[in-house]
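A.B. asks: Dock chain B against chain A, hints included.
One line per chain: the protein sequences are A and B, in this order.
The working numbering applies: residue 1 is where the first sequence begins, and numbers increase by one.
The working numbering applies: residue 323 is where the second sequence begins, and numbers increase by one.
Heads up, none of these hints are tricks.
Straight-line Cα separation of at most 25 angstroms, SDA-like style, residue types lysine to any residue; simulated pairs:
#	chain 1	residue 1	chain 2	residue 2
1	B	446	B	464
2	A	306	B	459
3	B	598	B	498
4	A	319	B	671
5	A	319	B	363
6	A	306	B	591
7	A	319	B	338
8	B	726	B	676
9	A	319	B	398
10	B	572	B	819
11	A	319	B	341
12	A	306	B	460
13	A	249	B	416
14	A	251	B	435
15	A	319	B	731
16	A	319	B	383
The hints are simulated quantities; they were obtained by calculation from the structure and are not laboratory data.
Each chain, written out:
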Amino acid sequence: MFEIVILTLDSTVRLSTPLLLACLAGLYSERSGVVDIGLEGKMLGAAFGAGAVAYLTGNAWIGLLAGMAVSIGLSLIHGFASITNRGNQIVSGVAINFLAAGLTALLGQTWFRQGGRTPSLPEGGRFRDIILPYAEELRDVPVIGGLYSELLSGHNILVYAAFLAVPLTWWVLFRTRFGLRLRAVGENPAAVDTAGISVTWLRYRAVIACGALCGVAGAYLSIAQSSGFIKDMTAGKGFIALAALIFAKWKPANAMFACLLFGFLDAVAIRMQGQKLPGIGEIPVQFFQALPYILTVILLAGFIGKAIPPKAAGIPYLKERS
Amino acid sequence: MSDTPAIELRKINKRFGPVHANKDIDLVVKKGSIHGIIGENGAGKSTLMSILYGFYQADEGDILVDGKKVTISDSKAAIGLGIGMVHQHFMLVDNFSVLENVVLGAEDSALLSGGINRARTELKRLEDEYELRVDPDALIQDLPVGLQQRVEILKALYRSAEVLILDEPTGVLTPPEADHLFKILEVLKNEGKTVLLITHKLREIMAATDTVSVMRRGEMVATRETASTSMEELAELMVGRSVLLRVDKKPAQPKAPVMEVENLTVTDSRGVQVVKDVSFIVCAGEIVGIAGVSGNGQSELLETLAGIRRATRGTLKINGETIDLGTSTLDAADMRAKSMGHVPEDRHRMGLINSFSEYENSILGYHRDPAYSRGVLMDLAAIKKNAVAEIEKYDIRPPNPMLKTANFSGGNQQKIVLAREIERDPEVLLVGQPTRGVDIGAIEFIHRRIVEMRDAGKGILLVSVELDEIRALSDRVLVMFDGKIVGERGSDADEGELGLLMAGVEDNNKMAVEGGAR
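Chain B with its partners taken away, still in its complex shape:
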């Protein structure tokens, strides 16, 4: 291994109008290493990588590749210098085959057949060398995200990339898929490639990198050897103050059940049973977490309870009232009226209308509430007053109720949704993926609010694919696999044990569990 760094950045500056996205960035990436770059959303990581990949041009500063000063005017130039990038949102054509995606932009000649054939042989070789197995003729749209990401990596390798940039690669992956990715990165490193891993997840940095650089508000604040740092130190560097990684909460004091679900079965539009005969209770003053790899029925469960999706059969008891979900025609508004708040899993698709301003979103779904409307007219003064109060209480930034929610960061958008649901003071709160795409500072705040709500004697059903989050917040953990609840554990649940349950490994305590879940 030579001492010349694979990549060296000197005094990189980039401004977007008034936003100084990258300030005097220096970075040295050693050849044959996995170098992590960590920072909160909006810290400037993606901008920096986009400059390296030729998507943007730096306003000032030098880029050195293999010790030579280079100009990277577009992605083509970056590829030519042996830099490959796996973007956060995959740059794949969904209805193309793997092979077609790999050759796109590297077709060899005006006719396709030659390039395609070479790619087929080359993919076979890469497959063997790096253990990256994908069916070259499969269509991208038929592949799970983990494999799609593999195609992105293969694309870069096919273009003989020596430096591979991965931008938030695990955002869409399940924990086992993420672990597999890190194994692949290890193989790449052993083959002499250099990997730049961009993430805001501390665990991944600790698990996968050799060196880590921390960015905060457009600046590179520190670089550490991963082995000689800790999650706590990195978190503090990222946020600029010390943060609590564990949620600080007292033991739960559950009271009477507020929500009882019995024999719930849900069939989706394809006629497949996605929730299979699920029964559980949520008591006042406790947080019940539903763990599971995404796509095992949690989303459908949540949507059914929220009144968005119809059940095939099953009953729901909420605040003493019994509802037959198989025949009910209650919609989301009716469920809210029954004192059931809902923070949907996907805030962009269901939680917010991003082209609406903050104050409009702050009452979305509650706009018929007499507190905010008079006949057909909205009571704008009351709505704005409420919005301002929520902004203050939840520290939503920027504190401007007139701003479109599209212009808020992920964490602040989530706070807007959370404030809206929690402040209506429901007896039961359904929360889906409360901190997906949310930065550390906001995660801490959101977790605290959820625990406060529990302590106020409300029942909370939490669905999350982040096992850490489930373990940190839940007083009881239910594990879903293939539409069924396959196990129940207490708040002290062992991570490995939960992981096995999530993977569908049979539970030894099954009988006892079923008794407990009801």
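With the rest of the complex left out, here is chain A:
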């Protein structure tokens, strides 16, 4: 039983990593007032870019950079549409999702002719799991050994990076000048403007930070968790990350717990597949897949209070004409 719990928690960590990275990405963007429904598309684009480049170079790190570059590129398109040209942020985000879904499949097929997949990665093209010191030696120590060697040890570097990004994001947001301005521009851009700070440049930086993190999330999918890109491999994770962001009320620590919860549901769903529960029978997989959304709606409807988004989120900034 303990074994099962540990294994479920272990896969919870693996499954929540991309959610967490994407969720934090969205946090930067939305805290600055730019709503980003294009997390899904950016992740997908990054997954493809990382998968393709890691296959061609045989180097996971170069793959990661390529993924981030693709994602930041898409972010800049979103920024150009919604910050510079003050377009509708939802429309721009949806467009990016379509663009990424279509382009990755098309380019994948054209370049590699494997039905939109990238070929399986060579050695070195994939992030390997890191075994923490003494993990093997401690394996047999009751409870702590299992926790340490299974749960803490044996993840790839991106997993550790994702969880380290949580306190880092908190620190950036609440302890640095950039963070103060970022939060301010999402609440009242006019206050930032009159304080002599460029709203445009600030929002662009937020959007770039969002692209970078989303890039890591995408790369994680194709060159860490799997060994290559598969068509539509994000499978709605970007949207779940968005739900987690609302659920977390745009706060970093909450975001981590929300993503862990959603990752846990995913892990349970996989474990429950084909299993019959006494008295209930087999629970359809779709039920677990829908749970994050159902939970978000129910909890937001009253249990955790109102989730109030940054006040200026979604509204392009235009100097008022008196």
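C.D. replies: Then chain B, alone, in the frame of chain A:
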């Protein structure tokens, strides 16, 4: 005090497309003085100040600060030159603390802690020096507007502003808060700062400034020493013709009561009683004014009578019909059908749909009236004909019923609402803040229309936070404080006495008053 002016503007011009917002503006602001700039809405005051603060660039003209010619390309440059601005709509982040708002944009370094600590000490110093007390850790959203404005002033002082521009600073303040602000400005002046006060309220100019410049339609028409001018002269300069500052009206000839409110109690969504056992009558042919500092239950009273808000208990007699407000399910349309017109306090939130055109707004709430509709279809021809007639009668400008109401000035928007309600000829008219954000010319017109309606034998209930307005229009004044009616006075009510009642000071004549109010 040196003779070099703190600010000098020479031949400033600014155009927005076809609109010439500032025409050849010259202005000299003496160091260490409070300089008022007065003008109607749309006269170009805010544009001029925005140019000075780097929000816009002038098309032509020079700006001199301390005698040196400067270019102010953005707000940062203005701040660097020691110019600070308190905007009409506060530029504060609501869910930030006072401290965070003060340091925003002046954080010292990439990490916050240093800047925050310096700000804490500096705020303490400013507090003592200028008597500007605010809790540095309070969130803006928890502060009353008066204190929020103080934070704006502190922001400017923290950036070592020598010249402080205040754009319509009293629009959101209660009279005592406004008086307090003027005291603060006096302190600032005595400390050698220069203050530019932008307003369209004559009283404030007279009360607070040393020098006053008048703007009209984008031009600077005159500059006067405040001591050697009068409200009448300034009003005439602002409008370009002589205006009546007092409302010219005959004594009221009240007849039978048309509206009787008894024991009205209203509880808001937080469960707080906001109107407490209020009773009063309004007779045909009289204007009953409700005075009070904003937030003392007047708004809720008005909304309840208009059918927008539910009462906990109380009865309303209107035109002889008795309605139990505690159980009634009458909505705003039903109340209108009972011949009760309503000019809501906030025309943007309740009076108009600003993205609709003028003619659509001109029948808003009366769109089911058979005069304007046939079955499910609107009778557009009839609606437009009515709109054109109202535009003419109320001198609404521009006279274009197809224009969105967002593109009308505040005064004209208010006239649209007023025309809609008055022209339906109700027996009772509820009027909330009829001239908030409305320029002098329009105020005069609106006041005249309300008095005309009274003279036609209608009953009018007026709610306003402008004491001057209450005193000018009302035949009887009821003062509300903390949800209760705490006093009643006649049309000759003394300003100081009303002020005390509004502040909740116990009324000596209370017994007599309660008898009179019923």
